[in-house]
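A.B. asks: When you get a sec, could you build the whole thing from the sequences and use the hints?
Chains as they are written, first to last, in the working numbering: chain L, 1 to 277; chain A, 1 to 498.
Derived from the structure by calculation, the hints contain no laboratory data. Each statement offered as a hint is correct.
Which stretches of chain A does chain L cover? Using the computed rule of at least three CB atoms under 8 Å from a CB of chain L, they are: (1) 352-362; (2) 373-380.
Part of the chain L face toward chain A, derived, beta carbon under 10 Å: (3) Phe99; (4) Ala107; (5) Met108; (6) Leu111; (7) Arg151; (8) Ala163; (9) Glu179; (10) Ala183.
Quick reminder that beta carbons are idealized off the backbone N, C-alpha and C, glycines included.
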Amino acid sequence: MSVAEDLSVAKTLLNVEHLTMRFGGLVAINDVSFAATDNEITAIIGPNGAGKTTVFNCLTGFYKPTVGRLTLNHPSRPYQLEQMEGYLIAQRAGVARTFQNIRLFPAMSVLENLIVAQHNRLMQASGFTVLGLLGLSSYRHAEREAVDYCRYWLDRVRLTDRADWNAGNLPYGAQRRLEIARAMCTRPNLLCLDEPAAGLNPRESDELNELLTFIRDEHKIGVLLIEHDMSVVMEISDHIVVLDYGQKISDGTPDYVRNDPAVIRAYLGEDEEEGGS
Amino acid sequence: MAVLSAAGADAKPLDIGAMVKEAGLAGLIAFGLAFGLVGFETLDVPGGLAINTRFDDVAAVVVLTILGRIAMILLREHRPLLVAVIGLPFSVVLIVSLVFGWWTYFLPFSSAMVGWIVALMAAVFSLRAINALSHGDTVASREQREKTMDRIGARVQTAAKYVGPLLLAFAIILPFLPFADRRILDIGILVVTYIMLGWGLNIVVGLAGLLDLGYVAFYAVGSYSYALLALHLDMGFWVCLPFAGFMAALTGVILGFPVLRLRGDYLAIVTLGFGEIIRVILLNWYEFTGGPDGLSGIPRPTFFGLEFKRFAPEGMDTFHTFFGLEYSPIQRIIFLYYLILVMALITNLFTMRIRRLPVGRAWEALREDEIACRSLGINPRNTKLTAFGIGAMFAGFAGSFFATRQGFISPESFTFIESAIILAVVVLGGMGSQIGVVFAAILLIGLPEIFRDLQQYRMLAFGSAMVLIMIWRPSGLLAHREPTLLLNDGKSKPQETS
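C.D. replies: This is the structure in structure tokens:
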């Protein structure tokens, strides 16, 4: 058993073990364990207030989990995310995320948003500003490369012709796409998307599906997805984790989860036995 | 009255009662302000102070306020005709009488300047009324106004390519223009010093979005670093200059380290406190800083070792003998002017350059959204510290220039009001806008110096100018940001705000 477990740890990209998060007396997440793999889209679903976003915030260092181990198996070495500072999780371990309420840099241009995402790479190229101030060609070369990479993602999310707009002036759906592109520009190993389909119309949702499948298949990274829109979740996820009241109630393939009685109970309510109040 | 009121397009009946009430309230506020500030004047008389009352001035202030308020109400309620009919002759008569010096018969004020202000106000009201009569609408809506100003801001920003060099050329030839006497040059030095400080603070406030109310502390550290090094270790200005900048930057980083966890208002309050702490230390550490006596006899800068003196010290040459010129004290002033101009330009070049580097973009991103920055792997603490340190460094350079220009410094020169003025220059210019800082510094520093004739009304005018700008243009005069990098070379125009 333990051998098999070790093997599975080696294979997975992200391993969440016994994650618990308490805010004072409130238990937001209670002993949740799950794993996410490279090359797969893992969806976390659950009713409102189930603790999905809290899981994300623990993963990306915005919260320090009360109990639990979060291991990210980076190609070079494993990282214990619960011990790392927030920005290092993105910088070293390569976990990028988007936010439920979009957080772009609204007064900066679309292109600048993507360039900022390549900050650490460019910072090194600019010799931590000193060489860049002198205007050395090595930095200019690195910047051109960064712009080319931005252009690749801009083409992908169809924003190339609006690259010089202020990000805040884009329509809502385009802002969602830009945020995903920005996260991808950090060249992550794990992409965490917090309700990317919220507020999108059906056509935009379809485009989102395409984009996420593209990211999984072409860039071979793991995608972790919180979503309410079942058309997105059921169609593209390889693996679904269901949370309810901070507990994991189901975990498996879309077909398995769809038919799991525990999930149906959480979404559609218990039978009549509970009575009044 | 009833006939005149028909001028409005959608003439609701004018509520005289409400109008009287509103104007009366404005008059009451004016009375409350003016009674204490204008109503009494202390006079030096033999044997002590005497109080002189000026209630006629108070009455004039109150009446003018009420009249102005009524004019505003009438404009708001679409009745511009009355304002035009009364305001236009009034302002014309007033201006004519001011020009010919008859104003003393009309107005009880002791200064012609006040008369000019009243005349200008009346003229503005009547022009607005006439504009309303010809265009049908009275007041441009707030959005329209914002949009117009945005467009002007964008245009000035693009015109900055030409305006900047023009201003620069003017600044370079200024000392040789016929009207450039010592007073003009001194004002020029002061304005350029504030431009440099504004550009330095622009890094912290405009780019990184950290509201720093204690900026003058770094200015003080730079000044004292130079003064103490020069007095005790006999080091020259050029050797001390980088050191003063370094000391200020170091102070910035040390102060910044504990406070940068705070945001917004809290950061502002703590920086304000640190600014005061530095000043209080300078005031009380008597053995080291001379306390309230300050430091005097700070050496003047030299032109590559050539001093600006009538007679050279032993074994040295002076500027005027070396270049075979007639000695004139203005040579030193001109040199100081060019010195601060070059230092300010270096600050500007540095800022323009660093805005296009990753660290500059990270500053702006941090201003926009710190949480998003963290999620992209940007170290917020280091990024903020570099902004704080580099901003402080330029204040340190400016500070050592200040010390060498004055020859005497004391904690008096580094009070909170200085921080407030520098911040006002940045905010007024439009945060992050380099050319805006120039305009704002000329407006805020240059004009009050030129209008010294206004005497005690000078600060009043300063305050009212600030209030007017806050009403008309809360985001600053030229708040318009050009992207640091274009993909489509402006082929697809970044479109207006929705």
